[in-house]
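S.K.: Read off the chains here:
There are 2 protein chains.
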Amino acid sequence: MVRKNKKITAAILVIGNEILSGRTKDQNVSYLASWLNNTLGIKLSEVQIIPDIEKKIIKSILALSKNYDYVLTTGGIGPTHDDITSQSVSKAFKKKYTYHEEAYRILKNYYGNKNFNDPRKKMAKMPKGAKLIYNPSSAAPGFKIKNVICLPGVPSILQSMVINLKKYLKPGLKIHSLTISTETIESNIAKELEKIQKKYKKSVEIGSYPFFRLGKIGVSIVLRSSKKIGLQSCHKAIIKMLKKKNVNIFKVV
Amino acid sequence: MVRKNKKITAAILVIGNEILSGRTKDQNVSYLASWLNNTLGIKLSEVQIIPDIEKKIIKSILALSKNYDYVLTTGGIGPTHDDITSQSVSKAFKKKYTYHEEAYRILKNYYGNKNFNDPRKKMAKMPKGAKLIYNPSSAAPGFKIKNVICLPGVPSILQSMVINLKKYLKPGLKIHSLTISTETIESNIAKELEKIQKKYKKSVEIGSYPFFRLGKIGVSIVLRSSKKIGLQSCHKAIIKMLKKKNVNIFKVV
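Quick note, the sequences are listed as chains A and B, same order. Position one of the first sequence corresponds to residue 1 (my numbering), numbered consecutively onward. Position one of the second sequence corresponds to residue 1 (my numbering), numbered consecutively onward.
One or more of the hints may lead you astray.
Pairs of lysine to aspartate or glutamate residues, derived as EDC-like cross-links and limited to a Cα-Cα distance of at most 16 Å, are as follows [as the list claims (entries may be wrong)]: (1) Lys195(A) / Glu102(B); (2) Lys195(B) / Glu205(A); (3) Lys170(B) / Glu192(B); (4) Lys125(A) / Glu101(A); (5) Lys244(B) / Glu192(B); (6) Lys245(A) / Glu205(A); (7) Lys201(B) / Glu102(A); (8) Lys191(A) / Glu54(B); (9) Lys131(A) / Glu183(A); (10) Lys243(A) / Glu205(A); (11) Lys240(B) / Glu192(B); (12) Lys216(A) / Glu192(A); (13) Lys7(A) / Glu54(A); (14) Lys191(B) / Asp118(A); (15) Lys128(B) / Glu101(B); (16) Lys236(A) / Glu205(A); (17) Lys201(A) / Glu54(B); (18) Lys195(B) / Glu183(B).
What the hints contain is simulated information worked out from the structure, not anything from laboratory work. Since the model is a prediction, treat every value here as computed from it, not as a measurement.
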């Protein structure tokens, strides 16, 4: 599934009615987006947020795992009736949904024999052949099966686990980025930026984002590329254009 | 497209490389999720976040507009080269991508004849037959074509426009909800909650969400239903169960 010498891509599948109802603000997408892109050089290419409905989970898992190198799911691996990620992923890949011996031991040890009830035992059930992703905060592990990685929904727990997930992910090309903050409005530089983007279409991705802060109106021009030389050359072209148009540059980072 | 006497559903399509790269935290999904569910009784059923790539936008627009009553897009309707939502939606529906006369007038009036350059004119281009959604903060309107509604990505601008969008959306069934905050852990009540969910599976959606705050561990049990009587009966059953298990109830809202 993981292609050599190519960009490595990932998708995130957020599973949870509470996000769609507006009750809970998702915090995992932006966290994982930064971690994948900046730490691992893995390009996050799509996100889906879907409800706790088995057939929707199966459909999304199959489509995303086919289209991207990795799929990270969040949510739905807890002990309650609305936690159906593990059994849905098992069904998607036609794997037996069964106790993972090590996960069972970890949880039994964590809760103690007396308190290790059925709902807690459920957290040790996953697709046969899954590899564990250890959970240093609340014991219940995540898992990886094929190119799908299942993580919990609680942000603090998820964040404590990424260190144990890293070994399962092949890092991609390091993406370099540069942000030029300018004192202008988008439509003043749109034509010129488009020309420069056309020239660098194969090597650099140029984004343009208006901002309003501290009483100032501006545009952040963001360059992203796996090629340092291309990035620098594109950067020079943009600075030259901005100077020519007498656009004030706040800062470059 | 909008079905009578049924639940009304919506999807959100977030279009923007900046969200996927982790540079920008999306704020529109949680805002629109609350607004659709709580103000309009429209059930948000799916969210997709995709990059600024025409063929991906077209594919998502076609799939989502077929599966849901409404599709709300955010992002990509500004003046720069990476703003390609309007032309992509035009292509998806095989509509001519052309100037909307009223949008052109609004923008010309806003910028003044002298400053009304090509990138600004671009913001008046949309699929032929689109209806405008007025923008009280920065003039450039959003639009509705078929069951797809295109909104900007800047949260403050988007939020200023929803009042003008409301008239295009048929309200759905009012969803009532109740949250019971308890001092327990999920696995202690999971079996009992599952039984109650099975009993009320046709009328009430029960969610269970662990929380850790102010030094306390707890579970919020959230009930959602369009039927007040069902909700109250389900609520009673849960309170009875919690009392039987000696679970402390913090509050019910």
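S.K.: If a hint holds in the structure, say so; if it does not, say that too.
M.R.: Against the structure, the hints:
1. Under the criterion of a C-alpha separation no larger than 16 Å, the hint pairing Lys195(A) with Glu102(B) is inconsistent with the structure, at around 29 Å.
2. At roughly 52 Å between alpha-carbon atoms, Lys195(B) and Glu205(A) are farther apart than 16 Å, so this suggested pair is violated.
3. Between Lys170(B) and Glu192(B), the direct Cα distance comes to roughly 38 Å. Violation of the 16 Å bound is thereby established for this hinted pair.
4. Of the supplied pair hints, the one linking Lys125(A) and Glu101(A) holds, its CA atoms being roughly 9 Å apart against a limit of 16 Å.
5. Of the supplied pair hints, the one linking Lys244(B) and Glu192(B) holds, its CA atoms being roughly 11 Å apart against a limit of 16 Å.
6. Pair hint Lys245(A) plus Glu205(A) does not hold up; C-alpha atoms about 22 Å apart against a cutoff of 16 Å.
7. Our distance criterion of 16 Å between C-alpha atoms is broken by Lys201(B) and Glu102(A), whose separation comes to about 34 Å.
8. Of the pairs offered as hints, the one joining Lys191(A) and Glu54(B) is violated, with about 19 Å between alpha carbons and a cut-off of 16 Å exceeded.
9. Distance check on the hinted pair: Lys131(A) and Glu183(A) sit about 51 Å apart at the alpha-carbon level, beyond 16 Å; violated.
10. Of the supplied pair hints, the one linking Lys243(A) and Glu205(A) is violated, its CA atoms being roughly 21 Å apart against a limit of 16 Å.
11. The suggested pairing of Lys240(B) with Glu192(B) holds, with an alpha-carbon distance near 11 Å, which does not exceed 16 Å.
12. Under the criterion of a C-alpha separation no larger than 16 Å, the hint pairing Lys216(A) with Glu192(A) is inconsistent with the structure, at around 22 Å.
13. Taken as a hint, the Lys7(A) and Glu54(A) pair is broken in the structure, with Cα atoms around 31 Å apart against an allowance of 16 Å.
14. For the hint linking Lys191(B) to Asp118(A), the alpha-carbon distance of about 8 Å falls within 16 Å, and the restraint holds.
15. Among the hinted pairs, Lys128(B) with Glu101(B) is consistent with the structure: their alpha-carbon atoms are about 10 Å apart, no more than 16 Å.
16. For the hint linking Lys236(A) to Glu205(A), the alpha-carbon distance of about 15 Å falls within 16 Å, and the restraint holds.
17. With a C-alpha separation of about 15 Å, the suggested pair Lys201(A) and Glu54(B) falls inside the 16 Å cut-off, and the hint holds.
18. Our distance criterion of 16 Å between C-alpha atoms is broken by Lys195(B) and Glu183(B), whose separation comes to about 20 Å.
In summary, the structure is inconsistent with hints 1, 2, 3, 6, 7, 8, 9, 10, 12, 13 and 18 from the numbered list given earlier, while agreeing with the others.
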